Amino acid sequence: MVEAYLRQSPLSQLALPSRIAAEHGNTGVTMAERQFRRIVNLRGNPKSEEFTKAVKSVLGADPPLMPNSVNTGKDITLLWLGPDEWWIITDADTAPVADKLREALAGQHAVVTDVGEGYTCIAASGASAADTLAKGCTLDFHDSVFAPGSCAQSDMAKAVVVFHRLEADKPSFEIYVRSSFAEYLWRWIENAAEEYGVAVTQ
Amino acid sequence: MPARFRLTQGGLIDRSKPVSFQFNGKVYLGFEGDTLASALIANGVHLVGRSFKYHRPRGIMSAGAEEANALIQVGEGARSDPNLRATQIELVDGLVASSQNCWPSVEFDVSIVNNFASRLLPSGFYYKTFMWPASFWMTYESAIRKAAGLGKAPEGPDPDSYDKTFAHCDVLVVGAGPSGLTAALSAGRAGARVILAEQDNALGGDLLSEADAEIQGQPALEWVEGARAELEGLENVRILTRTQCYGYFDHNFIGLMQNLTDHLPQNAKPASLPRHRLWKLRAKQVLLATGAIERPLVFSDNDRPGIMLASACRTYVNRYGVKPGKKAVIFTNNDGAYAAALDLHKAGIHVAAIVDLRSDPEGPMTEQAREAGLRILGNHAVIATAGDKRVKAVLVAPLSEDGEKVYGGGEKIDCDLVAVSGGWNPTVHLHSQSRGKIVFDDDYACFVPGTPAQESVTAGACSGNFGLGACLTQGHDAGIATAAKTGFKAKGRKRAPPKAEDRNFLPARWMWLVPGDKPLGHGGKHFVDVQNDVTAADLHLALREGYRSIEHVKRYTTTGMGTDQGKTSNVNAIGIVAGHFGCPIPNVGVTTFRPPYTPVTFGVFAGRDVGDLLDPVRKTPMHALHEHAGAAFEDVGQWKRPWYFPIAGEDMHQAVNREVKACRDSLGVMDASTLGKIDIQGKDAAEFLNRIYTNAWSQLKVGACRYGLMLGEDGMVMDDGVTSRLGENHFLMTTTTGNAAPVLGHLEEYLQTEWPELEVYLTSVTEQFATISLAGPNARNLLAELTDIDLSAEAFPFMTLREGTAAGIPARVFRISFTGDLSYEINVPASYGAALWQTVMTAGEKYGITPYGTEAMHVLRAEKGFIIVGQETDGSVTPFDLGMDWIVSKKKDFVGRRSLFRADMSKDDRKQLVGLLTDVPEQVLPEGAQLVEKVEDKPPMKMLGHVTSSYHSPNVGRSIAMALIKGGRARMGSKLYAPLADGKVVTCTVTGVVFYDKEGERTRG
Amino acid sequence: MLEINCPYCGPRFETEFSYGGEAHIERPKDSENLTDEQWGDYVFMNSNTKGVFLERWVHTSGCRRWFNVARDTVSYQILAVYETGAKPPKLDLRNDV
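Residue numbers (the numbering used here), protein chains in the order written: chain U, 300 to 501; chain F, 18 to 1022; chain S, 78 to 174.
These are computed hints drawn from the structure, not numbers from a lab. Predicted model, so just to flag it, every value in this text is computed and none were measured. Do not rely on the hints blindly, as some may be mistaken.
Unchecked claim - Under the rule of at most 30 Å between Cα atoms (straight-line distance), these lysine-lysine pairs were calculated in the BS3-like manner:
(1) F:Lys-454 - F:Lys-718
(2) S:Lys-106 - F:Lys-454
(3) F:Lys-908 - S:Lys-106
(4) F:Lys-454 - S:Lys-127
(5) F:Lys-502 - S:Lys-106
(6) F:Lys-301 - S:Lys-167
(7) U:Lys-469 - F:Lys-506
(8) U:Lys-399 - U:Lys-355
(9) U:Lys-346 - S:Lys-167
(10) S:Lys-127 - F:Lys-909
(11) U:Lys-457 - F:Lys-657
(12) U:Lys-399 - F:Lys-983
(13) U:Lys-399 - F:Lys-700
(14) U:Lys-355 - F:Lys-700
(15) F:Lys-700 - S:Lys-164
(16) U:Lys-346 - S:Lys-127
(17) U:Lys-457 - F:Lys-297
(18) F:Lys-301 - U:Lys-457
(19) F:Lys-700 - U:Lys-352
(20) S:Lys-106 - F:Lys-907
(21) S:Lys-106 - F:Lys-718
Stated by the list, open to error - Pulled a few chain F residues facing chain U out of the computed Cβ check, cut under 10 Å:
(22) Arg-299
(23) Gly-624
(24) Arg-625
(25) Asp-626
(26) Asp-629
(27) Pro-638
(28) Gln-655
(29) Gln-671
(30) His-747
(31) Val-777
(32) Ala-824
(33) Ala-851
Where a beta carbon is used, it is the ideal one built from N, C-alpha and C, also for glycine.
With the rest of the complex left out, here is chain U (with noise of 0.2 Å):
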């Protein structure tokens, strides 16, 4: 395998490191990229008891049936996409899990595909962080909608755009975005939570 240090994100050039500050008290968003994530996308029939446990065999949970809903295993996240389709997410320092599923998918109609490379994750948080996500979202971001612990596809300003919201103590959203947007909806999302007050942190 060649050397990861030559591996470059989507945001690479904004030099987001170089700006990582202490969160001060008026921030009302803070931002960071998550990079490198592995994404998987599973497609398969949830209907079907071979796939789910199949799919349980490998990943340790079950894909989420509920529309907008999240599953967490051990390392690993599993959003619902649609009724037949989910991302399963681990970090890059984790042992990837597609060729496993591969395997104990076979001969069902089940289709595992890597994505990740593909796409990155942007991390917007903070007591403005929904105010700052409705300016270019459509979707209803208050608690009693979207809850802590769902996701959510939607545009977001003009990208197409993952949501997946934290449970977390402070709103907490992460923005996955096709890797071609990314610069884009970051500097978007910067400019749009600035009254707020913004920081890039780790």
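Chain U is fixed; fit chains F and S onto it per the hints.
Only chains F and S this time, still in chain U's reference frame:
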């Protein structure tokens, strides 16, 4: 020194905070809490503008959003807004405002001649006079616009920032008057997410203009203050002041514009705060508590400065502590205006007379005025007014019993203020915009909301409920009801609505057109719509000319149009039309109120989507390297693609020639990452491709690639690209850059809606890979240094793919070619794209590796006669037209197949793709040039088709071109002509489309 | 701006969707046997209904699934959403136009 017309006490202004401002170049002082209008009136300035058509002097006629006269230009240079209503502009230190629609000054306006020539300017004058000849209209229009004057555009790019946001709530309450406040309170207490939007800077609505109203036994504004405090304490309630709800659209989608910084002095505006914010709100329930607007009376010369709505007089006295005049005449048809008379009287303004159209004036306020000893003239009308830049007298005369005529020469009463009331119109604009019907209320002679068309209700004066107590109760109940509809039931014991006295403005005598002492249109103008300068005579003229529908009358006379949308004029116009026909008002109908309720700043619609953020700029993983290499970029959809890579001193032509030659002579490298890539898997994947592409896919071997052509169901070419078989049930399709998303959409549509039985899944992997294309005779030599894949022609033939590594990075390598030369496309995980590019560039130095852009690629493929979808095709071109019969299978069905065999498709004169060689080899045809067989002296000429691609080809050593020509393939060898716009004619010969390496040796070697 | 209740993701703004024209038009399997006119009808001709119209939408920015909508083209009211391939629901059409 306080201004001359400022009361020494009272009002909601802060006399300890003077504010300096400029109007028409003069400096004045006002107080914090003033509007521009109230501060001007305090300084005795009533003349603030000239009318739209006749340039008549105009003053402030209201105290709110309905102001149709005092349209003001605010600001200077780039920060300048036209058409703002002086009555809504909050006074701020350093404000610079000026009258619009007058030249050279408001005091002396040369266009006033229009007023004296007004017999020549009846309604429809512009239509009638300036329509012909049509080509002159442009000239007329600019002159008319200058004379009409609708304010000035800013002189530079707007330096301010604007924001827009989506929002959601359970209950939107529009208007924070008494009914809006109780509605927001009861909905908020129940737990619903409430947004309370108020156009004013303070809550209270009409209560802000009342001197002595009481709620729950306390002064009304104290109650308002309590309500505000409670609402602000509720986490689920958001109060938006200075926020105009300007539009009500489908499915309870509401547009609101919030003013965030206009009321702050320039140096006190927080830099990070946008100027205005657009709220794009979806509300589960909408509660309209928008109040009512007082209706003027239509009488002779009713437009002079100093003539204003009676309620506005109350607002100026009670809210702003200013005297709108020294000597007032009240002109009314109802009891309500007597409250204004009393307030003026109390403020020390001499009330010279109350002229009442009612024969026996009566009512609670009338009685109070009588007790106060005010002079009341029942069954009287104002039949004329005098005064140029300010009203100075009215002529008053008794009415005939039927109200059609007046008697006698009249009594002249001196005054500098006429307070007018013709009743009240509920503000039904938003209800009407929501497509709710409005119905006529005979008792109150106004239109009130009918059945809502959406999830909305109205409360208070907006619904025709004019008593304060009734408004409080209705708002309270509506708040409970709407919250309950969104799932929030009121908790605890039932609360009673706050109590207040109920009093409305009845009894009244309705009279839509007050007679003068002369016939209509002969001396004296009865203005109906002061913003658009439409008079009662104009309406009568339109009716005499045969207009019947109120919608047509509106457009012909322009009444109720423009930024004002007829807030004070619509109902009077309808009443006058009904009077003319002698029919009841409901028979006339009503025009539609259109958004926006008041004008909205353009800036908020743009928001932050300006400049760099206007549209996404999509970048490949190697983009920064291309920038560093000095590439010129081309927009391909939202992508930036390197167009060409100029080196020192080169122009585009030189750079492209160098790149094109390098790809044939040694080695070129291109970033092809933007090509669409779709992963297709499932046991029916090959069958799916059979149905989508024109050619057959079942027999394609694993590890092999094939070119495919995709049609729409109409048989026209939609996209093309190479698809590779990665496994028995696994394909990777490539699409053109611009079509990646539409093609995936096309495939999903057929898969989901027509062939759900096929076991196939599609996944976009466009951005999973960075793609580097090596092209040229040295491509193999270079790649051999970087990969563990056996590149020999036998092990890795043309149109196959292999997996291995490239520069140590896991890679898929495709031996495919769009240049017609030995070529490899290397796909690596996107995050390694930049690393691979750098490695390739370094290792390729010995071959003079040359990065090439889209322009060189276009030349290279044109040398080989390869089409580009969207260039050689335009949605009307079939595979047969392109001479690609070889790719159309005759053995299977596919999308678009049946269309190919329609009779029209086999016509001899269809446009077919051919090559063109200019007689003069150096001459390059312009793309898009039309081709003819015979050149005429001038157009029209019989056109045979057009040039689709045209380049100078350094490898062929001359210009080459492709064209779509009627019956083109039968014209091989014949001459065609391209007559160009500059008069030159280019002669060319029709040829085949392959100009270089016709046998394809170079690709396969 | 319509609000469309995606049968999979829930209510979303119209901007997340793309329109797909009239629903329940099946692609002919025996196109060989159709006249040019019959085929042309299939490709090009759609109803232009005033009132309740059964139409297709796809949740482009969401789950990318196609589905059907019963929408009143006069009031823009959406009366039902249902999955592709399902029969249209029984609707009381009397009050809809």
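The hints, checked one at a time:
no., hint, in the structure
1, F:Lys-454 - F:Lys-718, "violated, 67 Å"
2, S:Lys-106 - F:Lys-454, "violated, 48 Å"
3, F:Lys-908 - S:Lys-106, "holds, 15 Å"
4, F:Lys-454 - S:Lys-127, "holds, 20 Å"
5, F:Lys-502 - S:Lys-106, "violated, 49 Å"
6, F:Lys-301 - S:Lys-167, "holds, 26 Å"
7, U:Lys-469 - F:Lys-506, "holds, 29 Å"
8, U:Lys-399 - U:Lys-355, "holds, 12 Å"
9, U:Lys-346 - S:Lys-167, "holds, 27 Å"
10, S:Lys-127 - F:Lys-909, "violated, 39 Å"
11, U:Lys-457 - F:Lys-657, "holds, 16 Å"
12, U:Lys-399 - F:Lys-983, "violated, 58 Å"
13, U:Lys-399 - F:Lys-700, "holds, 20 Å"
14, U:Lys-355 - F:Lys-700, "holds, 23 Å"
15, F:Lys-700 - S:Lys-164, "holds, 28 Å"
16, U:Lys-346 - S:Lys-127, "violated, 39 Å"
17, U:Lys-457 - F:Lys-297, "holds, 16 Å"
18, F:Lys-301 - U:Lys-457, "holds, 26 Å"
19, F:Lys-700 - U:Lys-352, "holds, 21 Å"
20, S:Lys-106 - F:Lys-907, "holds, 16 Å"
21, S:Lys-106 - F:Lys-718, "holds, 29 Å"
22, Arg-299, "holds, 8 Å"
23, Gly-624, "holds, 8 Å"
24, Arg-625, "holds, 5 Å"
25, Asp-626, "holds, 8 Å"
26, Asp-629, "holds, 7 Å"
27, Pro-638, "holds, 7 Å"
28, Gln-655, "holds, 8 Å"
29, Gln-671, "violated, 30 Å"
30, His-747, "holds, 9 Å"
31, Val-777, "holds, 9 Å"
32, Ala-824, "holds, 7 Å"
33, Ala-851, "holds, 5 Å"
Violated hints, listed in ascending order, are 1, 2, 5, 10, 12, 16, 29; each of the other numbered hints is respected by the structure.
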